[in-house]
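Participant: What follows is the residue order along each chain.
6 protein chains.
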Amino acid sequence: MKDSKGHRVPFGIKGLDEMICGGLLEGSANLIEGAPGTGKTTIAMEFIYNGITRYNEPGCIITFEEFPQQYYRDALKFGWDLKKLESKGLLKVIFSDPETTLKEFEKVDGKFIKLVQEMGIKRIAVDSMSHFESLSLDEFHLRELECAFINSLKRENVTSVLLRENDSLMGQMSQLTSKIPFIVDSYFLLRYVEIDSAIAKAFIILKMRGSDHTKEIRRFTISSGGIEVESKFSGREGIMSGITHHTPQDAFVNVFGKK
Amino acid sequence: MKDSKGHRVPFGIKGLDEMICGGLLEGSANLIEGAPGTGKTTIAMEFIYNGITRYNEPGCIITFEEFPQQYYRDALKFGWDLKKLESKGLLKVIFSDPETTLKEFEKVDGKFIKLVQEMGIKRIAVDSMSHFESLSLDEFHLRELECAFINSLKRENVTSVLLRENDSLMGQMSQLTSKIPFIVDSYFLLRYVEIDSAIAKAFIILKMRGSDHTKEIRRFTISSGGIEVESKFSGREGIMSGITHHTPQDAFVNVFGKK
Amino acid sequence: MKDSKGHRVPFGIKGLDEMICGGLLEGSANLIEGAPGTGKTTIAMEFIYNGITRYNEPGCIITFEEFPQQYYRDALKFGWDLKKLESKGLLKVIFSDPETTLKEFEKVDGKFIKLVQEMGIKRIAVDSMSHFESLSLDEFHLRELECAFINSLKRENVTSVLLRENDSLMGQMSQLTSKIPFIVDSYFLLRYVEIDSAIAKAFIILKMRGSDHTKEIRRFTISSGGIEVESKFSGREGIMSGITHHTPQDAFVNVFGKK
Amino acid sequence: MKDSKGHRVPFGIKGLDEMICGGLLEGSANLIEGAPGTGKTTIAMEFIYNGITRYNEPGCIITFEEFPQQYYRDALKFGWDLKKLESKGLLKVIFSDPETTLKEFEKVDGKFIKLVQEMGIKRIAVDSMSHFESLSLDEFHLRELECAFINSLKRENVTSVLLRENDSLMGQMSQLTSKIPFIVDSYFLLRYVEIDSAIAKAFIILKMRGSDHTKEIRRFTISSGGIEVESKFSGREGIMSGITHHTPQDAFVNVFGKK
Amino acid sequence: MKDSKGHRVPFGIKGLDEMICGGLLEGSANLIEGAPGTGKTTIAMEFIYNGITRYNEPGCIITFEEFPQQYYRDALKFGWDLKKLESKGLLKVIFSDPETTLKEFEKVDGKFIKLVQEMGIKRIAVDSMSHFESLSLDEFHLRELECAFINSLKRENVTSVLLRENDSLMGQMSQLTSKIPFIVDSYFLLRYVEIDSAIAKAFIILKMRGSDHTKEIRRFTISSGGIEVESKFSGREGIMSGITHHTPQDAFVNVFGKK
Amino acid sequence: MKDSKGHRVPFGIKGLDEMICGGLLEGSANLIEGAPGTGKTTIAMEFIYNGITRYNEPGCIITFEEFPQQYYRDALKFGWDLKKLESKGLLKVIFSDPETTLKEFEKVDGKFIKLVQEMGIKRIAVDSMSHFESLSLDEFHLRELECAFINSLKRENVTSVLLRENDSLMGQMSQLTSKIPFIVDSYFLLRYVEIDSAIAKAFIILKMRGSDHTKEIRRFTISSGGIEVESKFSGREGIMSGITHHTPQDAFVNVFGKK
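Residue numbers (numbering that gives the first Met the number 0), protein chains in the order written: chain U, 0 to 258; chain Z, 0 to 258; chain S, 0 to 258; chain W, 0 to 258; chain P, 0 to 258; chain C, 0 to 258.
In short, the hints are calculated from the structure, not lab data. Don't take each hint at face value.
[What the hints assert, rightly or not] Calculated cross-link-like contacts (lysine-lysine; reagent style DSS-like; alpha-carbon spacing at most 25 Å):
no., chain 1, residue 1, chain 2, residue 2
1, U, Lys206, Z, Lys113
2, C, Lys102, P, Lys214
3, U, Lys178, Z, Lys178
4, U, Lys13, C, Lys206
5, P, Lys214, C, Lys76
6, S, Lys214, W, Lys76
7, W, Lys76, S, Lys153
8, C, Lys153, P, Lys214
9, C, Lys214, C, Lys102
10, Z, Lys178, S, Lys153
11, U, Lys206, Z, Lys13
12, C, Lys206, U, Lys231
13, P, Lys76, W, Lys153
14, C, Lys82, U, Lys13
15, Z, Lys231, U, Lys231
16, C, Lys82, P, Lys153
17, P, Lys76, W, Lys206
18, P, Lys231, W, Lys231
19, U, Lys214, Z, Lys178
20, P, Lys178, C, Lys178
21, S, Lys102, S, Lys178
22, P, Lys206, C, Lys13
23, C, Lys178, U, Lys178
24, P, Lys206, C, Lys76
25, C, Lys178, U, Lys82
26, U, Lys214, Z, Lys76
27, W, Lys178, P, Lys178
28, Z, Lys214, Z, Lys231
[Stated by the list, open to error] To spell it out: a stretch of chain S is covered by chain W in this simulated footprint if at least three of its residues, at any positions, have a beta carbon under 8 Å from a beta carbon of chain W; those stretches are:
no., stretch
29, 203–209
30, 219–226
[Unchecked claim] Each pair of labels, with its calculated beta carbon distance range:
no., chain 1, residue 1, chain 2, residue 2, range
31, P, Leu75, C, Leu75, 39 to 49 Å
32, W, Ser86, S, Gly224, 48 to 58 Å
33, S, Glu98, U, Asp211, 48 to 58 Å
34, U, Asp211, C, Thr220, 44 to 54 Å
Glycine included, every Cβ here is placed at the ideal spot set by N, Cα and C.
Make a model of the complete structure from these sequences and hints.
Facilitator: So, in structure tokens, the structure goes:
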């Protein structure tokens, strides 16, 4: 697959953009799932902040729970001044609910659609898709609503980062609990991994329509500057189960030394 | 089982056709299941595209969710120009719903049946059978509907590739969540496999009525040209659990060298 | 247990008849469970076909889903011409539903009972008992119906092979999902087993009332001539979990050689 | 615990009586659970048959499903002529249902209670307690009914062997599915165990009120003479999970020889 | 935590009292959970019997299912003559139901409260709290009832041993099935453990408010004298899963000898 | 992330404050989950007690179940005289229910809000959030209530320690059973870990918004002085599953010595 195809929308996070051949595909819908504390919101904020400040792409953050103050404060801890960007007309942070959001994105003259068009918004982050699940108890109806929302974003050609809370903390993530991974263009997982009596974080790309991407499970950390993606977990098996084991080779070499 | 029996309908994917003794059996219904991102749609598109361009068999793609534009665009990324084939009358991409599809295939003079007959369609891909599950909450009634649909395809002697979304991401796929595998002629699984801190993909053939087939679990990748099936996973145990381990032999040899 | 007791009803499959001391017991009800593609229907067909052609025992196949044409065609692929046997009055293939089947076997002058008596049918295959589950959602009532059906077969002293679909694909088959195994005389399991990055098939006998039988878990394959039962899985542990491991001995010997 | 206390009621099965210090305690209620084919009915029959023929204790078998003919025939295969014993007035085989059974045992002048008293019955086998579960969907009410039945047996001072079907085939039997084990005096488990690509059977005693018993998990087989209890499983771990592993010691010794 | 704080209420079981720094805390509520046959009732009886005979503390046993005769008989097998103690006014064995018990303990002038006060009862055993679960299907309401009962015991400053049936037989006890462990002062678990093809018993202290206690998982047995607590399980891993493995060290040492 | 940002609110527990760069963030909501007996209440009490006595920050404990007397008594066992602090106006222990608590915290002139303002309360402990689950069976509604409560605490800029009962005793904690971890600023887990036939306790920090923190899984104990956090678990794998294994290295070194 030629990676040059399609305009790339980078996160502005070095290791991460490398993993996805330079960036997300323009106009694509990209799901990021993770347990609490894995860094979903941080990645989404960084995607929007860097989009505005480095790539000149106005952005929008839609949040369904967090208070505005909290959101601005959390971003500021990474040095990202969202209020300033809003005052310059480059960012819009929307505190809404799934029902309103869906309606105002689906209607031709919906408020949110107009906002996107008037501000020239290129990037949208949704925090989080999990709240859509309150809209319908019927899984097929819910899928239609989620699908309609994602399509309304695509119609505007905005590149979206959609967060979703994952209830699987550490064990085998055997069953999907949402149909969104089947709908979106990309599916990224953030997972906890136990290594040497410590909790590391893994970044996994399971799906990226129309683009090549690394197949490696990469370690990442969150520091004062935001996300930092590192190398893969070497000498380890069982990473996807959350509880790794040394490969036998690794174990032998550690004890007996290399041949 | 003599593999020469029955006309073969090849995917046009070298490694894959080898696995199934040259191709699918004419008029058979073939289920391909996989988690999001495992390449179900790509295999189905390639089956239809190659059918038309290499084997002179007009084809039809039925999709229940994806927008037409998206579908054409995704195919184009592999160099498959579906619109051109449609304009030549060799392909029909149908955007419908399970209810209509079932009705228009079951009735003697149904629209879709007529289309198949008029265009001389030999291959059909359905993306995906998962949407049929919205038709009935009763598992026995659902099975009847699925069975009726599959039989209507067989009556026309078209060879079908039926996709189905599998919610099992990586752990042991212990329980079937559909009865379709019991109804169809072939049952293929696409699974994620963790190998050396990376995510590989495995192609498994569990069932192929009336034909021999490889029993090997083969690695495959998706590149810019489509699906590429490779060799089996050597020196590994536990592939079906998604999280492989080195065989002890492999581990010893890696550390101590071969005898 | 003296194995000579009771008239034996052989499958006519060499390795398999050996496993069960020559054959099934006359008049017994024998359950064969397996996941899709494990060969249930093939074994049942072979039991009936060989019964007629080698042992001079007229037979009957009751199927609840498959189209007649498909059934005849699938059998022909193994060289078994069911239509010919039917035309000779030695076989009856019945396409029915569980309700009718139950009724016509239970009534003293039921159609199916009469058929058995008039044709002198000695062997019956039912494909599959899974469809009985649509008759009642109450597990105790269902059990009564299943029990009544099985008893009606026994009253006629026919030897039956009852197939049942098993939803457990590869992981540990921890829980029974039917009470039939408690009702029948024999309980045979067909299971997938991962060996060296390939999918093998295992034949397991868990129960055989009134007869000795091998306790070994045997490998089997399906070839153009039908079922072939082979030796047990040597040097392997965890076969019943579907994902085997080399025994430590086997692993050591493979690497270091035998003492 | 002094094992001499209380009159012992032996099975007449050598290895088994040794495991329980000579026999069951007089007047006790003893539960035997197992998956299909593990030998529950055989043990119960042997308990009753030996009771009459070796220990001069008239017995009674209550069965809720099996046809009388089948029962007599199955017993005869082991050389146990139940009909003959019945004709001598030493045995009563009752084909009934849980409701009637409960009623006729609970009432002071119930038919079954009278039978016990008139025939001087000392041993009762119930095949199986699983059928009581159809009496109530409320687990607390069911427990009361089961408790009432067991107490009615105890009031007559008969020693009972109560069978119960266990749906756990081979994996870890993690959860009890009945409260009977808490009510009865003894709780015996029959389990399948995979050993060297074969299916062995294990006899486990988890509870025996008022008596010492072996803690060993013993292998047993069913042969033409009935049950034969053998030694424990040496050199194996994980027996209760159904899928054993060689202990590391055992593995090393097998390969490298003993020190 | 100074272990001298608070009056100690010993079981009179040497190894066990050592584990809990001399005894239970006066006025505390202590939960003992275990599968059938693990010895719950024996421990409770011994606690009450020793309390009366060795520590001069009158006691009370409340039982919801067992017949009085059975209870007296079971105790006698250990040499504990409960009837004699009752006739001396030092013990009261109450055969009741949860509803009555709750009522007569909660009311200021309840019958059971009066009994406690008049007899000067210092120790109560409840066999078993599991029966409370029939009082309400609502988990929050049930918790309130259980809490009210436990508080009524505490108000009288009696030290209680509350038994609870645990349905987890041998596998990982992953989920609590009751909220009582959160309410009580101490939480003790009795578990089966497979060791060398035998079933051992483990005593585990998970919680003991206001007191130090051993963290060791200790082996215990039931003999003719009652409970005997032994040392921990050395050279074993996975005890809490019920199926232990030799530690690698232990395995190496067993085969190759110590360094 | 610069750890100096934001005022720190220390626990006054040396090892623990080190793990979180000096203390909790002012005004943050911090969830501590654990099974019964893991020390949740002790940590919360110590947080409040040390806040008052060492850091001059008045505190409040809200408890939904425990009797006042019991609470004071349990604290006194650690030498923490809560009554004395209350009499000095530095502490308020509130015995309430979730409904009242929510109402009196949410209203502008709510009783509890007034108390916080009048006493100048800086720290609040809630024992436990589990009781909120009785307020609504609808998970989305419950989340709103929990969110509203947490926000009302944040509005007052109090730093809160919110306890939650975790039903996962020892096995893999695969699924979250609450949405609170997604709402709060910090998520701490207390878990049991089996080590060498003993039960140890582990402290894990999964989330801490706006602050760095150790990723290590640390051992901790509860002694007469309260919580003591120790070093990580060295030479062990599988800590998060509750049942650890020696790493192969550790095992080899223990037996054969270091290189």
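Participant: Of the numbered hints stated previously, which ones are contradicted by the structure, given in increasing order?
Facilitator: Hints 1, 2, 8, 9, 10, 14, 19, 25, 30 contradicted; others consistent.
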